[in-house]
Every structure is written in structure tokens, then in C-alpha cells.
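A.B. asks: Given these sequences and hints, build the entire structure.
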Amino acid sequence: MKFWQDFKDLYRYREVVVNLASADLKLRYRRSVLGYAWSLLYPLLNLAILALVFTKVMGLRDTGKVGAMRNYALYVFAGFLPWNFLVNGFWGAGASLVNNESILRKIYLPKLIFPVSVTLARFLDFLFNLVALFAVISFVSYSPSWAILALPAAVLLLLLFTTGVTIALSAINVYIRDTSHLVTVLMQLGFYLTPIIYPLKIVENYQDYFLLNPFTHIIRLFQDIIWQGAFPSADEWQIAAALSFGALVIGYWIFARLERKLIFRL
Amino acid sequence: MANSQSHINLRGVNLQFTVYASKQFSVRERILNPFMFRGTEKRSFFAVNDVSLRIEHGERVALVGPNGAGKSSLLKIIAGVYPASSGEVEIQGKITPLIEMGAGFHPELTGRENLFLNGAILGFSRAEMRRRLPKILDFSEIPADFLDTSIKYYSSGMQTRLAFSLAMELEPQIVIFDEIFSAGDAHFVEKAGARMEKLISGAHIMILVTHDLGLARRFATRGIWLDRGRVVRDGPAEEVLQAYAAAMHAREKS
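Those sequence lines, one after another, are chains A and B. Take the first sequence: its position 118, counting from 1, is numbered 118 in the numbering used here, and each next residue is one higher. Take the second sequence: its position 176, counting from 1, is numbered 176 in the numbering used here, and each next residue is one higher.
Any given hint might turn out to be false.
[Said to hold, decoys possible] Straight-line distance between alpha carbons at most 20 Å, and here's what the computed SDA-like set of lysine to any residue pairs gives:
1) A:K26 / B:T110
2) A:K8 / B:V81
3) B:K152 / A:A23
4) A:K261 / B:H106
5) A:K26 / B:R112
6) B:K94 / A:K26
7) A:K26 / B:E108
8) A:K261 / B:G80
9) A:K261 / B:K94
10) A:K26 / B:S44
11) A:K8 / B:K94
12) B:K94 / A:E15
13) A:K2 / A:L258
14) B:K152 / A:S22
15) A:K2 / B:V81
16) A:K261 / B:F46
17) A:K2 / A:E259
18) A:K26 / B:K191
19) B:K191 / B:R132
20) A:K261 / B:V89
21) B:K152 / A:L25
22) A:K261 / B:E88
23) B:K94 / A:I172
24) A:K2 / A:Y209
25) A:K261 / B:R43
26) B:K94 / A:R14
27) A:K261 / B:F17
28) A:K201 / A:G190
29) B:K152 / A:G190
30) A:K26 / B:R126
[Unchecked claim] If you only want the chain B side, here are some residues facing chain A, beta carbon under 10 Å, derived:
31) L98
32) E100
33) A144
In case anyone wonders, no lab produced these hints; they're calculated from the structure. Using N, Cα and C, we set each Cβ at its ideal position, and we do this for glycine too.
C.D. replies: Below, the structure written as C-alpha cells:
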């Protein structure tokens with residue numbers, strides 16, 4: 001079966017995947033002064049700005065709906081980190097086949113390598129940020145609850161979901177080059193349509209619409225575990241798992257269908 | 001790795017290219033030109049036209065032909081880069097295409113990083129690359145302190161030598177060369193030629209695409225002349241190359 005063959009190929013070329021991912025990571029910050037620290041600074045600075053804007057400027061702090069500023073910052077961070085991974089993954093991996101057209105036209109390489117390696121690089125960024133986040137918040141008297149044990153599962157679902165989407169995007173983007181740009185804009189919209197900087201409760205009457213947003217369910221796992229310190233409910237796990245595996249399966253299917261004639265459009 | 005027999009078998013292989021007005025569907029173009037009749041702007045042609053070939057273990061083939069004859073396209077079908085539009089492609093043996101060496105070289109990465117990356121693409125693990133690194137460095141005559149500099153700072157000669165030295169580490173079963181010898185001083189070209197001979201003699205099958213007939217004569221036992229996607233002549237190297245040279249000479253005169 002093709003899927004199995006593709007998976008074996010990916011394993012056979014694993015060194016290339018790793019090399020490409022590490023090249024990606026190295027190149028991102030190679031000539032900048034702060035270097036890799038930017039990977040962490042970016043979400044931290046964003047968080048600082050958001051926290052400042054929404055608490056001081058909008059006075060959310062006193063509304064009681066969000067609670068103390070520190071609390072809010074934690075909430076935003078719990079949602080922002082996985083979101084950041086999603087966006088970076090979609091953008092980078094989405095363009096990966098197009099960016100590597102010159103090598104694809106010279107030597108046979110399993111095309112999956114490219115979106116997978118970029119997603120892997122972004123995933124490592126995400127893990128690094130996650131560790132850094134915990135380091136930072138442990139300084140502000142955050143004590144993780146047992147729910148933290150559920151974190152690896154949430155991370156895995158996030159990875160599966162993102163991989164599925166990026167694989168499909170990378171192939172679609174070869175045929176319709178606008179896709180990358182379209183996705184960027186949609187994700188900007190998505191950021192506001194997903195309860196990251198506000199809690200789901202705020203949109204009480206429209207909650208159902210927000211629950212239609214697949215990102216909500218993935219992000220929610222992280223918010224539950226990190227901010228609430230609670231295990232996500234069985235329902236939440238089920239929906240997130242269905243979305244993740246669904247994205248992987250559908251994403252791969254789209255990719256497989258588009259793969260064969262891809263080369264002629266590069 | 002079992003030292004089994006390699007062979008290449010092509011039966012009625014076609015490669016059809018459809019030339020679009022522009023390769024991708026663009027939303028912008030659709031909006032600006034709603035009445036653009038894209039359908040009529042397609043042209044298709046056969047880069048490879050009904051080619052049937054058998055290349056057996058031990059053969060050294062020179063593929064010659066004028067520009068646009070379909071030589072590179074045929075090689076790319078064999079290498080698995082292009083899928084044939086129709087026909088059967090049967091390949092036994094691992095293929096190592098050396099189509100534009102340094103294809104995977106990334107200008108921002110260092111020499112060392114590029115070697116590991118391209119080594120992986122060509123099938124070498126990190127451990128193997130570490131083992132081979134000194135030999136590669138030695139053969140390429142690149143000073144050790146350059147190894148950790150971005151290759152964009154290398155001269156084109158250095159880049160070629162680096163790529164070539166890596167390629168020479170391979171022990172390919174089916175090796176495909178496509179127009180590789182360009183930059184390099186006389187000394188290196190001489191050294192490289194000898195190294196190439198060693199690589200080729202160790203390979204099961206070699207296919208060389210070149211316009212340099214001297215090079216073809218040196219390495220090939222069999223010649224295949226391709227023109228406009230079809231096989232014009234296929235036989236012993238000396239015979240085919242001579243016929244081809246004569247035809248090209250005649251064409252120039254007319």
C-alpha cells in the first residue's frame with residue numbers, strides 16, 4: 001500500500017529529514033546577534049505586549065472574568081505557544097516543496113521529506129519554548145498540577161494535526177501558489193477566532209460557532225493543562241484526537257493524490 | 001548489500017510535457033483576466049517518445065544528441081525524478097544520479113554542513129560521513145579552515161571540487177552523469193578523471209550524458225543517440241559517436 005511505502009521511504013531518508021530540519025534551525029538565526037534566543041523572545045515579547053494591552057489598556061484585570069494579570073499572561077501563553085507552532089508550521093512547510101524545486105528536479109527524494117522536516121524544525125522550536133515557559137513561570141510561583149502528565153499526549157495530538165495539514169498544504173501550494181499567502185491571512189483571522197487572548201466564556205452566546213473552529217479544541221488541551229491545571233475531559237480528548245488523526249489522514253490523502261504530477265508544476 | 005545484477009529496462013516509455021501559459025493557477029490572473037481562454041493556451045509535446053531500451057549489467061552508455069533531444073528527460077525518468085507518462089520502467093539496482101553536482105548545496109550553510117546534508121541525500125549516514133570527511137577534504141584540496149565557512153564564500157572551483165569529492169565517495173550500482181565537468185583547473189581535472197574512472201569501473205551500469213565526445217569515447221562502451229525524444233541509433237560507442245559527430249558536422253556546414 002502506498003502509505004506504507006511512503007512511511008518506509010521517510011524512514012529510509014530519515015537522515016535527510018534530520019539534516020534538513022537542523023539546517024532550517026541553524027539558518028533561521030545564523031547571522032543575527034541574538035541568534036536562537038529569538039525563537040523564544042518572539043512569543044515572550046508577543047505575550048508581554050498582549051498582556052500589557054489587554055490588562056492595562058483595556059482594564060480587563062478588574063472585570064473578574066479573566067482574573068489577575070499573571071493569570072491572564074499564563075492563559076495567553078498556554079494558547080499562544082501551540083498556535084505559534086501551527087502558524088509557523090503552516091507557513092514554512094507549506095512553502096517547502098516550492099522552495100526546494102531545484103533539488104527536486106535533479107534527484108529523486110521522497111517529497112514528504114520536505115514538509116516533514118520543516119514541521120519537525122518548528123516542533124523543536126515549540127518544545128524549546130515550552131521548556132522555557134515552564135522555567136519562566138516557575139519563577140513566579142507556578143506549581144504544576146498532576147495534569148502536567150497529560151501534556152505529552154496533548155503535544156502529540158498537536159504534532160499530528162499540524163503534520164497532516166502541512167503535508168497537504170505543501171502539495172496544494174505547488175499547484176496554486178497563492179495558497180501560502182491565503183493561509184497566512186486566514187491564520188491571522190484564525191488567531192482572533194480562537195480563544196487564545198480571551199477565554200471561551202466571553203463569547204457566551206456564540207460559543208457554538210467558536211467550537212466549530214478545529215483549532216479551539218487543540219489549543220484548549222493546553223489551556224486546560226497549563227492554565228487550569230486540570231486534565232482535559234474525555235470529550236475534549238476525543239474531539240482533539242479525532243481532529244488530529246483526521247487531519248493526518250486527510251492531509252496525507254490529499255498529498256498522495258497530488259504528488260505524482262507535482263514535479264511538472266515546479 | 002548483495003552484489004546482485006543491475007539492469008534497466010524501458011518499454012515504450014513516453015514523457016509528455018504540457019506547456020501551460022504559466023505553471024500555476026493564479027488567483028490574481030483569473031481576476032484580472034476573467035475571459036482568458038486558458039484551455040487553448042496549452043501545448044503538449046513528447047520529450048521522450050516511445051523509447052524502448054535495455055541496459056545490462058556491465059554496460060557503460062554514452063547518451064548523445066542535440067540540445068532538446070530528451071537526454072536529460074530520459075535520465076530523469078530513469079532516476080525517478082519524472083514519472084513516465086506511459087510505458088514501463090523497470091530498474092534493478094540503486095541509482096545514483098550525479099545531475100549537476102552540488103544540487104542540494106545550500107549557499108548559506110558551511111562546507112561541513114553541506115557535506116553532511118548532501119551525504120545524507122546520497123545515502124551516507126552521519127557516522128559514515130564523519131569517517132569519510134578527511135578523505136573528501138583531502139581530495140578536494142580545500143583548506144581545513146574553510147570547512148566551517150559558508151560555501152557562498154567559496155570560489156566556484158572550490159564548490160565544484162567539494163561536490164565532486166563527495167560524489168566520488170559513492171560506490172554506486174547505477175551511476176548517471178549529466179554534463180558535470182566544468183570548472184576546475186587542469187591539475188584537478190586530471191585528478192578527477194582518474195577518480196571518475198575508478199568510480200565507473202566499480203559501478204554496475206554507467207550512463208553518461210555529454211556533448212564532449214572525447215569524454216564519451218573514454219568512458220563508454222555503448223552509444224545511444226537521441227533526437228527529438230526518439231532513439232536514432234544504438235550500438236557500440238565508437239560507431240555511434242562517429243556517426244553522431246559526422247551528422248553534427250554536416251549540420252553545421254549546411
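A.B. asks: Take the hints in turn and mark each one as holding or not.
C.D. replies: Going down the list of hints, with the structure as the test:
no., hint, in the structure
1, A:K26 / B:T110, "holds (11 Å)"
2, A:K8 / B:V81, "holds (18 Å)"
3, B:K152 / A:A23, "holds (15 Å)"
4, A:K261 / B:H106, "violated (26 Å)"
5, A:K26 / B:R112, "holds (13 Å)"
6, B:K94 / A:K26, "violated (32 Å)"
7, A:K26 / B:E108, "holds (10 Å)"
8, A:K261 / B:G80, "holds (12 Å)"
9, A:K261 / B:K94, "violated (23 Å)"
10, A:K26 / B:S44, "violated (42 Å)"
11, A:K8 / B:K94, "holds (16 Å)"
12, B:K94 / A:E15, "holds (18 Å)"
13, A:K2 / A:L258, "holds (13 Å)"
14, B:K152 / A:S22, "holds (19 Å)"
15, A:K2 / B:V81, "holds (18 Å)"
16, A:K261 / B:F46, "holds (16 Å)"
17, A:K2 / A:E259, "holds (12 Å)"
18, A:K26 / B:K191, "violated (35 Å)"
19, B:K191 / B:R132, "holds (18 Å)"
20, A:K261 / B:V89, "holds (17 Å)"
21, B:K152 / A:L25, "holds (19 Å)"
22, A:K261 / B:E88, "holds (17 Å)"
23, B:K94 / A:I172, "violated (30 Å)"
24, A:K2 / A:Y209, "violated (37 Å)"
25, A:K261 / B:R43, "holds (17 Å)"
26, B:K94 / A:R14, "holds (18 Å)"
27, A:K261 / B:F17, "holds (11 Å)"
28, A:K201 / A:G190, "holds (18 Å)"
29, B:K152 / A:G190, "violated (39 Å)"
30, A:K26 / B:R126, "holds (17 Å)"
31, L98, "holds (9 Å)"
32, E100, "holds (6 Å)"
33, A144, "violated (20 Å)"
When the structure is compared with the earlier hints, violations turn up for hints 4, 6, 9, 10, 18, 23, 24, 29 and 33 and for no others.
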